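**Q** Got chain A sorted already, so can you dock chain B onto it with the hints?
Number of protein chains: 2
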Amino acid sequence: MSTSTTTNENITAKTVFIKMALSAWDTYNERVNKLINSLSDEQLIAETAPGRNSGIYLFGHLIAVSDGLFPILGFGERLYPELDKIFVVNPDRSGLAMPSINELKEYWKKVNAKLTDHILQLPDDEWFTRHNNVSEADFANEPHRNKLNIIINRTNHTSYHLGQLVYLAKKQTKED
Amino acid sequence: MSTSTTTNENITAKTVFIKMALSAWDTYNERVNKLINSLSDEQLIAETAPGRNSGIYLFGHLIAVSDGLFPILGFGERLYPELDKIFVVNPDRSGLAMPSINELKEYWKKVNAKLTDHILQLPDDEWFTRHNNVSEADFANEPHRNKLNIIINRTNHTSYHLGQLVYLAKKQTKED
Numbered sequence: 001m002s003t004s005t006t007t008n009e010n011i012t013a014k015t016v017f018i019k020m021a022l023s024a025w026d027t028y029n030e031r032v033n034k035l036i037n038s039l040s041d042e043q044l045i046a047e048t049a050p051g052r053n054s055g056i057y058l059f060g061h062l063i064a065v066s067d068g069l070f071p072i073l074g075f076g077e078r079l080y081p082e083l084d085k086i087f088v089v090n091p092d093r094s095g096l097a098m099p100s101i102n103e104l105k106e107y108w109k110k111v112n113a114k115l116t117d118h119i120l121q122l123p124d125d126e127w128f129t130r131h132n133n134v135s136e137a138d139f140a141n142e143p144h145r146n147k148l149n150i151i152i153n154r155t156n157h158t159s160y161h162l163g164q165l166v167y168l169a170k171k172q173t174k175e176d
Numbered sequence: 001m002s003t004s005t006t007t008n009e010n011i012t013a014k015t016v017f018i019k020m021a022l023s024a025w026d027t028y029n030e031r032v033n034k035l036i037n038s039l040s041d042e043q044l045i046a047e048t049a050p051g052r053n054s055g056i057y058l059f060g061h062l063i064a065v066s067d068g069l070f071p072i073l074g075f076g077e078r079l080y081p082e083l084d085k086i087f088v089v090n091p092d093r094s095g096l097a098m099p100s101i102n103e104l105k106e107y108w109k110k111v112n113a114k115l116t117d118h119i120l121q122l123p124d125d126e127w128f129t130r131h132n133n134v135s136e137a138d139f140a141n142e143p144h145r146n147k148l149n150i151i152i153n154r155t156n157h158t159s160y161h162l163g164q165l166v167y168l169a170k171k172q173t174k175e176d
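Line order of the protein sequences matches chains A and B. Mapping to the numbering used here: the first sequence position 72 is 72, numbers consecutive. Mapping to the numbering used here: the second sequence position 133 is 133, numbers consecutive.
Read the hints as simulated data drawn from the structure, not as lab findings. Just so we're clear, the structure is a prediction, and the values are computed from it rather than from any experiment. Among the clues, some could well be false.
What the hints assert, rightly or not - In silico DSBU-like links for lysine-lysine, alpha-carbon gap of 30 Å or less:
1) A/Lys171 to B/Lys34
2) B/Lys105 to B/Lys85
3) A/Lys34 to A/Lys110
4) B/Lys19 to B/Lys114
5) B/Lys19 to B/Lys105
6) B/Lys34 to B/Lys109
7) B/Lys171 to A/Lys85
8) B/Lys171 to A/Lys105
9) A/Lys19 to A/Lys114
10) A/Lys85 to A/Lys34
11) A/Lys34 to A/Lys109
12) B/Lys34 to B/Lys114
13) B/Lys170 to A/Lys85
14) B/Lys171 to B/Lys109
15) A/Lys19 to B/Lys19
16) A/Lys14 to B/Lys19
17) A/Lys171 to B/Lys114
18) B/Lys19 to A/Lys114
19) B/Lys85 to A/Lys170
20) A/Lys170 to B/Lys19
21) A/Lys170 to A/Lys109
22) A/Lys171 to B/Lys85
23) B/Lys171 to A/Lys170
24) B/Lys110 to B/Lys34
25) B/Lys171 to A/Lys34
26) A/Lys19 to B/Lys114
27) A/Lys109 to A/Lys85
28) A/Lys14 to B/Lys114
29) A/Lys14 to A/Lys114
30) B/Lys105 to A/Lys171
31) B/Lys114 to B/Lys85
32) A/Lys170 to A/Lys105
33) A/Lys171 to B/Lys170
For reference, chain A alone in the conformation it holds in the complex:
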């Protein structure tokens, strides 16, 4: 392999990075989606383990965190800012009223559909620009704190909670 790097090779490299990060994001969201749709309301309301977060709380938490991506990525206003208080700021069993499971499923779909629209429209170069949770000064020193990095981190956040949500399902395989 030549050590010189042509512009074309690098444009491809950028496109490839974006695909790597977005593929993982899509994969884990789809796994959550498939799991949630396979669970009964009774299973979703249950605790993932004794004394731990309920399925509905973790589902609401994932929706709220994904909804929070709109302002962070410069994609506009959140759809459901009211979810933060219930599912992020406060713990499960806070006494705050939660939306119903059907409402949450609707929110999940709408947040993901709108996010996907924005994600597909974002020009490649924009992924490597600053997101709105990092200052210009910090970004100058830490250019990896860009928009695509948020997607990588949020994918790990989703997979973390997916590992817990699978405990709501009947045990099937060793990976559950």
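**A** Leaving out everything else, chain B in the frame of chain A:
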């Protein structure tokens, strides 16, 4: 911003992208490390939830999967290939003898130390080459299936099981 992309900008983009993926990998491994070291042997032997995988099984599973990275990434031979049968091929409670917790902690350290050595030595361009679980023909069509992508996917795998392993600890925060 100019739409033309200079070679220098792209070399930086590559370096930045590698940093993004490796930072997330390090973060999640460090979180596992911290958790494992905070747990008693009794906690580690327990099930993460009723009827689900034990802590020791999931810990062994993470070690085996990380150890499997050596051949996949062209980093040489595995250190502990015998772990696969116990922690990957077979489920928990298979009746196969497991290493002790202290042995596993030692393996975890050694696998991570050797992996880190190889990771730090790999030239930037090599991260975007084919890994050994994908054929040359498939890689030609799917260039995102490169070595760095393995790191991104394995980080998500680690965070998935970390979400389960935290159930071994005493409940402290809503994120547990």
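**Q** Tell me, in ascending order, the numbers of any earlier hints that this structure violates.
**A** Numbers 17, 20, in rising order.
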